[in-house]
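Engineer: Sequence:
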Amino acid sequence: MPVMTAAAIEEFLDEVFPHRQGTIEGIDEGRATMSLAIEDEHLRPGACVSGPSMMGLADVCLYVAILAQIGPEPMAVTTDMNCHFLRRARGDRDLIANARIVKLGRRLVVGEVQLFSAGDEAPVAIVTSTYALPDTD
Numbered sequence: 005m006p007v008m009t010a011a012a013i014e015e016f017l018d019e020v021f022p023h024r025q026g027t028i029e030g031i032d033e034g035r036a037t038m039s040l041a042i043e044d045e046h047l048r049p050g051a052c053v054s055g056p057s058m059m060g061l062a063d064v065c066l067y068v069a070i071l072a073q074i075g076p077e078p079m080a081v082t083t084d085m086n087c088h089f090l091r092r093a094r095g096d097r098d099l100i101a102n103a104r105i106v107k108l109g110r111r112l113v114v115g116e117v118q119l120f121s122a123g124d125e126a127p128v129a130i131v132t133s134t135y136a137l138p139d140t141d
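Under the working numbering, the first residue of the sequence shown carries the number 5, and numbering increases by one thereafter.
By construction, these hints were calculated from the structure, which means they are not laboratory data.
The structure displayed is predicted, hence computed values, not measured ones.
Beta carbons are placed, not taken as given, at the ideal position from N, Cα and C, and that holds for glycine.
Do not take every clue at face value.
[As the list claims (entries may be wrong)] Computed beta-carbon distance windows for the label pairs:
| id | residue 1 | residue 2 | range |
| --- | --- | --- | --- |
| 1 | V20 | V114 | 19 to 25 angstroms |
| 2 | D44 | V114 | 32 to 38 angstroms |
| 3 | R111 | G50 | 39 to 45 angstroms |
| 4 | E33 | M79 | 21 to 27 angstroms |
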């Protein structure tokens, strides 16, 4: 069961990570969904969403899933990220991220994020990532 609500996570992120992009759409046990309204700054030539925009949303979405499970922790940090771009992310639709925690350990969290153009069933990218949690000793 999540230990933080979506509203509490948004408030926490506003304080410790105010420059992040995206909106939390929902959280569940080990999962989070976010959306990013695509603006001109997210586009690359050809009217498709840039890789950095997609990877940024994936990173934040997994962080949200982690916060929902462990509570407010500003020092949980990304240690590894691997992105497979599968197809063009449409620049005329929101970008949707669905994060899932694969393993939540004492020091490391491994997760997967699927990214979609809103309304499409096939993902535009799949991201795997690892977060390091600070020592609690």
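Engineer: Each of the hints needs a verdict: does it hold here or not?
Structural biologist: Against the structure, the hints come out as follows:
For V20 paired with V114, a C-beta distance near 22 angstroms keeps the hint of 19 to 25 angstroms intact. A hinted range of 32 to 38 angstroms for the beta carbons of D44 and V114 is consistent with their spacing of about 34 angstroms. Hint check: R111 to G50, Cβ distance near 41 angstroms, so the stated range 39 to 45 angstroms holds. A C-beta distance of roughly 23 angstroms is found between E33 and M79, which places it inside the suggested range of 21 to 27 angstroms.
Going down the numbered hints, you'll see the structure goes against none, and every one checks out.
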